[in-house]
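Taken in order, these protein sequences are the chains called A and B.
Each residue of the first sequence is one higher than the one before, counting from 1 in full-length UniProt numbering.
Each residue of the second sequence is one higher than the one before, counting from 1 in full-length UniProt numbering.
Quick caveat, the hints were computed from the structure, so don't treat them as lab data.
Please note that the accuracy of each hint is not assured.
List time: in silico DSS-like cross-link candidates among lysine-lysine, alpha-carbon distance up to 27 Å [to be verified]: (1) B:K104 / A:K124; (2) B:K62 / A:K105; (3) B:K141 / B:K26; (4) B:K180 / A:K132; (5) A:K105 / B:K40; (6) B:K203 / B:K180; (7) B:K62 / B:K26; (8) B:K104 / A:K104; (9) B:K213 / B:K40; (10) B:K53 / A:K104; (11) B:K104 / A:K53.
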Amino acid sequence: MAEEVILLDFWPSPFGMRAKIALREKGVDFDLREEDLSSKSPLLLEKNPVHKKVPVLVHNGKPVCESLIIVQYIDETWGHESPLLPSHPYERARARFWADYMDKKISVGGVVWAPTGEAQEAAKKEFIECLKVLEGELGDKAYFGGERFGYVDVSLIPFYSWFYAVETSANLSIMEECPKLVGWAKRCMQRESVAMSLPDQYKVYDFMLEVRKKRRAQ
Amino acid sequence: MAEEVILLDFWPSPFGMRAKIALREKGVDFDLREEDLSNKSPLLLQTNPVHKKIPVLIHNGKPVCESLIIVQYIDETWGPESPLLPSDPHERAHARFWADYVDKKISLGRVVRAPTEEAQEAAKEENIQCLKMLEGELGDKAYFGGERFGYVDVSLIPIHSWFYALETLANFNIGEECPKLVAWAKRCMQRESVAKSLPDPHKVYNFMLELRKKLQAQ
Numbered sequence: 001m002a003e004e005v006i007l008l009d010f011w012p013s014p015f016g017m018r019a020k021i022a023l024r025e026k027g028v029d030f031d032l033r034e035e036d037l038s039s040k041s042p043l044l045l046e047k048n049p050v051h052k053k054v055p056v057l058v059h060n061g062k063p064v065c066e067s068l069i070i071v072q073y074i075d076e077t078w079g080h081e082s083p084l085l086p087s088h089p090y091e092r093a094r095a096r097f098w099a100d101y102m103d104k105k106i107s108v109g110g111v112v113w114a115p116t117g118e119a120q121e122a123a124k125k126e127f128i129e130c131l132k133v134l135e136g137e138l139g140d141k142a143y144f145g146g147e148r149f150g151y152v153d154v155s156l157i158p159f160y161s162w163f164y165a166v167e168t169s170a171n172l173s174i175m176e177e178c179p180k181l182v183g184w185a186k187r188c189m190q191r192e193s194v195a196m197s198l199p200d201q202y203k204v205y206d207f208m209l210e211v212r213k214k215r216r217a218q
Numbered sequence: 001m002a003e004e005v006i007l008l009d010f011w012p013s014p015f016g017m018r019a020k021i022a023l024r025e026k027g028v029d030f031d032l033r034e035e036d037l038s039n040k041s042p043l044l045l046q047t048n049p050v051h052k053k054i055p056v057l058i059h060n061g062k063p064v065c066e067s068l069i070i071v072q073y074i075d076e077t078w079g080p081e082s083p084l085l086p087s088d089p090h091e092r093a094h095a096r097f098w099a100d101y102v103d104k105k106i107s108l109g110r111v112v113r114a115p116t117e118e119a120q121e122a123a124k125e126e127n128i129q130c131l132k133m134l135e136g137e138l139g140d141k142a143y144f145g146g147e148r149f150g151y152v153d154v155s156l157i158p159i160h161s162w163f164y165a166l167e168t169l170a171n172f173n174i175g176e177e178c179p180k181l182v183a184w185a186k187r188c189m190q191r192e193s194v195a196k197s198l199p200d201p202h203k204v205y206n207f208m209l210e211l212r213k214k215l216q217a218q
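Looking at chain A on its own, in the form it has when it is part of the complex (with noise of 0.2 Å):
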């Protein structure tokens, strides 16, 4: 049977990068679908009725939603000879834990969006202080996972399409606070799956300023 393999996507959104490097990584032809935000498609409503956001990965017919459960069920489908996850089901833990902690702890919007300077401070702080500690377990390493690009490497470069964007918007050098990590962004920048997945820095700034724009008109 012929594979159909959708994703419901917004090319600022970091969490629809994951999926857009996960399938790329493992050669998979998708058909991606850009949705507008402000006028959710039908089908969108209708395969992640509980949540109603992208990314969902549309997989001859049956949802899958939540980015970290699409790259895993993206890795156990496809390309078993290339996993993304680790075998041994204690490394496993350990990159699901560092994918959890950036979801649980990583706020870009709360730096962007910030309503006072104030909140912007401490969005600030919070974030560098996440990119520290993430830094700090990539070590010394290529990838967090060691010699291989894999789950935690997904789960965590859609950020770096950000970095200009906050870095504008807090006055913050990303280089010079996590010199380590933007080394390991442009290795795997390097990388085509990554590179065709993630927006221009630029565009994403831009993005950025017309949201703003449209909440202050609100």
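Fit chain B to the supplied structure of chain A, relying on the hints for placement.
Here is chain B on its own, set in the frame of chain A:
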């Protein structure tokens, strides 16, 4: 090599209960260690330096943190003949989605900790809506995964130990709002792993009462 399995726990925590249920489902012998959260043990601080929270599973000296990650680790390490997660990738994604939903949306603690009547009513309402969503997902099945007790059941059943406390302290009668869920909970409670891992509801009630007193005193 002799297996050493330690679980750092706090008896009222629903997250700790998940780990205990999973270990008992798999028939794993473990050393259960109760933490005083106002005076965390050196072992807890050493094995979970990032979050400093329980539960922490320590298997032959290696720590696993975050309850759902612990449950998946237990499932992948022991008892492959009686898996908690389904084998089909789509069903696995479905199970992960609903356990993640419980983590994102169910917060009974907010009801107990609510500083005002108003906040309490709002917290109750939110939880009810989410419990009804879960009840809808359960449908007429014996367990969330179908015929067999599994991952989603493990993730949600700990709330049963809080039902009595919530009814008495917050007039929150889950039974009236979600009768199917209560029937499912009773079915789960018949399992030894669950009955042993959930504390006595009256003990939980007394704990909540104490907690409220402390919060009000602050």
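Each hint, compared with the structure:
no., hint, in the structure
1, B:K104 / A:K124, "holds (24 Å)"
2, B:K62 / A:K105, "holds (23 Å)"
3, B:K141 / B:K26, "holds (23 Å)"
4, B:K180 / A:K132, "violated (46 Å)"
5, A:K105 / B:K40, "holds (22 Å)"
6, B:K203 / B:K180, "holds (25 Å)"
7, B:K62 / B:K26, "holds (19 Å)"
8, B:K104 / A:K104, "holds (11 Å)"
9, B:K213 / B:K40, "holds (22 Å)"
10, B:K53 / A:K104, "holds (14 Å)"
11, B:K104 / A:K53, "holds (14 Å)"
Figure legend: structure checked against the earlier numbered hints; the only hint not met is number 4.
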